[in-house]
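**Student:** Residue-level listing of the chains:
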Amino acid sequence: MLTFIVVRVAQMVPVLIGISLAMFVLVRVVPGDPAQVALGLYATPEAMAELRTLWGLDEPLYVQYWVFLQQLLRGDLGYSYFYGQSAISLVYERLTPELFLVVYAVAIAVVISVPLAIWASLRGGIAAALSRLLIVFGMSMPAYWIGMLLLLLFAIWWPIFPVGGYGTTLGEQLRALFLPALTLALGLVPLIVRALRASLVEALEADHVDMARSKGIVESVVFFRHAFRPALIPSVTILGLHMGQLIGATLIVEFVFAVPGLGQLMLTAISSRDYPTVVAVTLVFAVFVMVVNLLTDIIVALLDPRARAAMVSAQ
Amino acid sequence: MSTVALARVTTGPAWLRRLPPSLIAGTLMLAVAIIVAWTGPMFTLDPLELDFSAVLQPPSAEHWFGTDNFGRDIFSRVINAAAIDLQFGFLCTIPTLVVGTALGVVAGTTRWFDTILMRLVDIVVAFPFYVLIIAIVASLGPGVSNMFIAVMIVGWASYARVVRNEVLVVGGHQYVEAARVLGLSSSRVLWRHILPNVVVQPVLLATTNFSAWILVGSALGFLGLGVQPPAPEWGVMIGEGRTFLAQAPWMAILPGLAIFYVCLAAILVGDGLSDVLRPEVAR
Amino acid sequence: MSPAAMPTVEIDDLSIVYAAERGGTVAARDVSFAVQRGEIFGLVGETGSGKSTILRAIIGLLHRNASVTGGTIRVSGQDVTGASRDKLVELRRRHMAMVFQDPLRALNPVMTIGAQLAEAARAAGLRDRARIRTLIIETMARVGISDAQMRMRAYPHELSGGLRQRIAIAAAILRAPELILADEPTTALDVTIQDQILMLLRSLCRDLGMSVVLVTHDIGVVAQTCDRVGVLYAGRLVETGDVATVLRAPSHPYTAALLASIPRIGQHRDRLRVIPGRPADLSVQVDGCPFAPRCDYASGDCTVIRPRLETHRGSQMTACWRHNELQPQLAGAST
Numbered sequence: 001m002l003t004f005i006v007v008r009v010a011q012m013v014p015v016l017i018g019i020s021l022a023m024f025v026l027v028r029v030v031p032g033d034p035a036q037v038a039l040g041l042y043a044t045p046e047a048m049a050e051l052r053t054l055w056g057l058d059e060p061l062y063v064q065y066w067v068f069l070q071q072l073l074r075g076d077l078g079y080s081y082f083y084g085q086s087a088i089s090l091v092y093e094r095l096t097p098e099l100f101l102v103v104y105a106v107a108i109a110v111v112i113s114v115p116l117a118i119w120a121s122l123r124g125g126i127a128a129a130l131s132r133l134l135i136v137f138g139m140s141m142p143a144y145w146i147g148m149l150l151l152l153l154f155a156i157w158w159p160i161f162p163v164g165g166y167g168t169t170l171g172e173q174l175r176a177l178f179l180p181a182l183t184l185a186l187g188l189v190p191l192i193v194r195a196l197r198a199s200l201v202e203a204l205e206a207d208h209v210d211m212a213r214s215k216g217i218v219e220s221v222v223f224f225r226h227a228f229r230p231a232l233i234p235s236v237t238i239l240g241l242h243m244g245q246l247i248g249a250t251l252i253v254e255f256v257f258a259v260p261g262l263g264q265l266m267l268t269a270i271s272s273r274d275y276p277t278v279v280a281v282t283l284v285f286a287v288f289v290m291v292v293n294l295l296t297d298i299i300v301a302l303l304d305p306r307a308r309a310a311m312v313s314a315q
Numbered sequence: 001m002s003t004v005a006l007a008r009v010t011t012g013p014a015w016l017r018r019l020p021p022s023l024i025a026g027t028l029m030l031a032v033a034i035i036v037a038w039t040g041p042m043f044t045l046d047p048l049e050l051d052f053s054a055v056l057q058p059p060s061a062e063h064w065f066g067t068d069n070f071g072r073d074i075f076s077r078v079i080n081a082a083a084i085d086l087q088f089g090f091l092c093t094i095p096t097l098v099v100g101t102a103l104g105v106v107a108g109t110t111r112w113f114d115t116i117l118m119r120l121v122d123i124v125v126a127f128p129f130y131v132l133i134i135a136i137v138a139s140l141g142p143g144v145s146n147m148f149i150a151v152m153i154v155g156w157a158s159y160a161r162v163v164r165n166e167v168l169v170v171g172g173h174q175y176v177e178a179a180r181v182l183g184l185s186s187s188r189v190l191w192r193h194i195l196p197n198v199v200v201q202p203v204l205l206a207t208t209n210f211s212a213w214i215l216v217g218s219a220l221g222f223l224g225l226g227v228q229p230p231a232p233e234w235g236v237m238i239g240e241g242r243t244f245l246a247q248a249p250w251m252a253i254l255p256g257l258a259i260f261y262v263c264l265a266a267i268l269v270g271d272g273l274s275d276v277l278r279p280e281v282a283r
Numbered sequence: 001m002s003p004a005a006m007p008t009v010e011i012d013d014l015s016i017v018y019a020a021e022r023g024g025t026v027a028a029r030d031v032s033f034a035v036q037r038g039e040i041f042g043l044v045g046e047t048g049s050g051k052s053t054i055l056r057a058i059i060g061l062l063h064r065n066a067s068v069t070g071g072t073i074r075v076s077g078q079d080v081t082g083a084s085r086d087k088l089v090e091l092r093r094r095h096m097a098m099v100f101q102d103p104l105r106a107l108n109p110v111m112t113i114g115a116q117l118a119e120a121a122r123a124a125g126l127r128d129r130a131r132i133r134t135l136i137i138e139t140m141a142r143v144g145i146s147d148a149q150m151r152m153r154a155y156p157h158e159l160s161g162g163l164r165q166r167i168a169i170a171a172a173i174l175r176a177p178e179l180i181l182a183d184e185p186t187t188a189l190d191v192t193i194q195d196q197i198l199m200l201l202r203s204l205c206r207d208l209g210m211s212v213v214l215v216t217h218d219i220g221v222v223a224q225t226c227d228r229v230g231v232l233y234a235g236r237l238v239e240t241g242d243v244a245t246v247l248r249a250p251s252h253p254y255t256a257a258l259l260a261s262i263p264r265i266g267q268h269r270d271r272l273r274v275i276p277g278r279p280a281d282l283s284v285q286v287d288g289c290p291f292a293p294r295c296d297y298a299s300g301d302c303t304v305i306r307p308r309l310e311t312h313r314g315s316q317m318t319a320c321w322r323h324n325e326l327q328p329q330l331a332g333a334s335t
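Chains as they are written, first to last, in this note's numbering: chain A, 1 to 315; chain B, 1 to 283; chain C, 1 to 335.
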C-alpha cells in the first residue's frame, strides 16, 4: 500500500513539470508586454527596458524556462507586482478559505445526498423518476445564478447569512461560507444522488443482501452493512472525479460571494495580467486535483478489498 | 423509464406515442426557443434603447420583464440574447463533436496515435474545465472569437475518449488490421462498419454538452470575459443585475430562467434520445 | 401431532403471483407438499417452472413484485405466509436457512468470510466472541474446509467456487436450523465440485437430522441426493413421491418425458429425446392440464378439466387423469 502511494506521488512530478511548461508557454504567448502592464500607462521606454532586463525577458526562451524551473524547484513561484508580494505567499493566504469552502461544500453535499439517495432507493418507481428530474434540473442551472438566488433569499430578503466575505472567528466563517458552500454543493448533489441511488437499488436486489436476510438479520442492519457499504464505493469514485470541476466552480462562486479564496485570486490575477500568480494558482490547483485523485483511490482501496488487490497487482 | 414517465402522450400517431415524453417535451421546448430566437427580435422593443426615465422598473404591462439600470427593456433583451446564446451552443457543439469523434475513431484504429491522443485527453480532461477556459480566454482577451478558440482547445477531448472506447469495443485495432489483411481499404472499414456503431454515444454526449456550452458562454459573459456589453447576452445581463440584486432582482433572475429553460430542453432531449437509442441501459 | 411426527415444512395450496404492468404471471398454483424431519426433498422443474419462487416464499424472500395470493406455508409448525416481520426474522434465526445458487454473488464482497459467519452466529443469539470463533472453526471443519484460521480472514473473491459454496453451507448449518433451503446449489459450480457439495449436503443432513428442500432443474441431482421428489410444471406440482419409485415408474407424462430426455451411455439413438413444444407461458391461464399441449398421451378431457394431485400407491401423488391406464407406457418410457 505504501509503495503504491509513493509510486503515485512520483508519477505526479512529470505531470507537474508538463503543466508548468504549458503555463510558461501560455503566459509568454499572450499579447501584451508584462513590463508595460507592471509599470503602467506612463512608463518610459527606458524604464520598461530596464525592467525587462531585470526580469530576464530579453533572454532566449529556453533560458527563461530554465530560470523558471529552477525557481520552481526552490519553491519560488514568482513575484506578483499587482499585489506586491511573492506569489507563494498570496497562495498561502488564500489556501485556508479555499480548502474550508471546498470541504464545507462536500460536507453539505454528502449530508443532503445520502439521506435523499437512501430514501429514493427504498421508494421505488416514482423515486427513480424524481431523482432523474433532480439531475436534469441540476445540470440546467448556472451555478452563479443559483448563488445569486440564494443570496437574494437568505442574505437580502431574509438576512440570516451575510452577503459575502469570510469573517474572522470560526462561527463567522461558518456563517459566511454557508451560502457559497451550499451553491457548490447543489452542483454535486444530483450527481451523488444519481450514483448512490442506482448502486443502492442494485445492491438491494443482490443475492448477498438476501443471504444476509436469510440469516435472520434485522432489515436495518442488512441495509447498512450489506447494501449501503458496497454501494458507497462507486459514489466515492464519482465524487472524486468531480472534484476538479468543483475547483473550477469555486472561481465563479467566490466571485459572487466575495470569498477571499484561490478562485477569486485566480480571477483577479487573470484580469490584471498578473501572470506569476496565475501560474502559481494553476499549479496549486493541479496539485490539488492530483492529491484528490490519490485520496479517492486510497479511500476506495480501504472500502473495497477487490480494488485493493487490483491495485497491488498492478505494480 | 424516462424522466417524465409519469405523463405519457395519449393522442397522435403510433410512432409518436412510443417516444419517451422527455424527448417530445425537450424537442418542443427547443423548437419554441429557436423560433423565438429567430423571429422574436422583430416583435420586441429595441434591446439597446436607453431610457433614463424608466430605470429599474419592476415587471409591468409596458415592460413585461421590467427595466434595467439603463432603462432598457429586459424582456426584449432576453429575447434578443436568445439568438446569441443558442448560436453559441450550436457553434460550440457541432465542431467539437465532429473533430472529437474523428480523432476518437482514428485513435481507436491506430495504435500509435492512440497512445499520444489519450495522454493528451487525460491532461485536458483532468484539469478543472472552467479554469482552463477562463485562463485561455483571459489570456487571449475577452470576446466571442477567443471564446471559440478556448472551446476548440478543450472541447474535443470528451468526445475523443468516448468514441475511442466505443471503437475499441467494436473491434478497433484488430478490426482494421484484419480488414487490411483481407485487402479492404481502411477508409471503407471506417465508414461502413465502425462509424455506424459508435455514433450513438457522442451524439448523446453532444446533447449534454450543448447545455454545458451555453452555461460556459453565459458564465464567461457574467464574468465580463465573453460577449461584451452593450450586446444582450444572458450571462452578461445576470452580471449587470448583480449590482442591483437588492433593488431590482428581476434583472438577474429572469435571464437565468431563460438559461434554465434552454438547458433543460437540451438535457431532456438527451435524456429521451438516450432512452430511445440505448433502451438496454438499466434505469 | 407430536413434535417428532410434525413435518418440518408443510405447504398447502400455495399460489404465488408476479405482478406486471399488464396482468401478471402465475408463478405457482395450488402447490402442496410436506417435508418430514431429516428428509431431503427435491423440487425439480425447468427454468421458469416456479421452483425458486416457492423456495423463496418459504423463507419469506420473495422479490418485490411477487406475492402469495393463496395457501399457507408452515415451518416447524409456525405460519410463514402470514407472519409479521419480527416473526420472520425469528424463524430465520432459529429454524431455517438458505443456500443460494451462486456463492460469489451470495457473499458480501467487502466483508471477510469470518465476519460473515460471525454475523450468522450473532443473529442466532451467540454473544461470546470466543465461543463464536470456536463454533465457526468447528463448522468450517465440518463442511470440509481445512485451514479455517486462514480462510476466516479471506475475502470471497479470493476463494474458489467450491470453497465459497462450502462457506455458504457452513453459514447455513451454523445455527443448526431444522430446515435448509437449497436453491440450485451446484448449478454455478464445476461438474467435479458438484458431486462433493451434494455429498456434503446429504451427509450433513443425515448427521444433523435437518430437512432439506433442494431445488434443481437436473433430475440427476435428485436421483443422487434426494429421498423424495416433487415435479413442477408451469407452477403446478404434477407428481410427488419417493425418488426410487418415481424414477423407476413415473406416473405423470411430464416426469416420464423428463427422464426419457436424459442421454444415457450406450444408448442407441441418433437423436436426443426432447419434449416437443415450448415451456408454458405463465401469463396465460389455460383450462385443463398445463402439460396437455405437449403431452404424448393427451386426450379430450385433458384440455378441459384440470387434474388434481391424487394419491396412489401409498405416498405417491400424481396429477394425471390417465395415470392408471398409462402405467406401462410411462414406466417403459423412462428406460
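Since the hints were made in silico from the structure, they are not lab data. Idealized CB from N, CA, C, for every residue including glycine. Please note that a few of the clues may not be correct.
[Claimed, not checked] Interface residues of chain B toward chain A, partial, derived using beta-carbon atoms under 10 angstroms:
# : residue
1 : 52
2 : 125
3 : 127
4 : 132
5 : 239
6 : 256
**Student:** Hints first: check each against the structure and report whether it holds.
**Tutor:** Okay, the hints, checked on the actual structure:
For residue 52 (chain B), the suggested interface contact is broken, since its CB lies about 25 angstroms from the closest CB of chain A, more than 10 angstroms. At its closest, the beta carbon of residue 125 (chain B) sits 8 angstroms from a beta carbon of chain A; the interface hint therefore holds under the 10 angstroms criterion. The beta carbon of residue 127 (chain B) is positioned within 10 angstroms of a beta carbon in chain A (closest approach about 7 angstroms), and the interface hint is therefore held. Annotation: residue 132 (chain B) was flagged as interfacial toward chain A, and the flag holds, the nearest CB pair being 8 angstroms apart, inside 10 angstroms.
Evaluation of the residue 239 (chain B) hint against chain A yields a held restraint, the C-beta minimum of about 8 angstroms falling below 10 angstroms. Because the smallest distance between the Cβ of residue 256 (chain B) and any Cβ of chain A comes to about 4 angstroms, under 10 angstroms, the interface hint for this residue holds.
Checked against the numbered hints given earlier, the structure breaks only hint 1 and satisfies all the rest.
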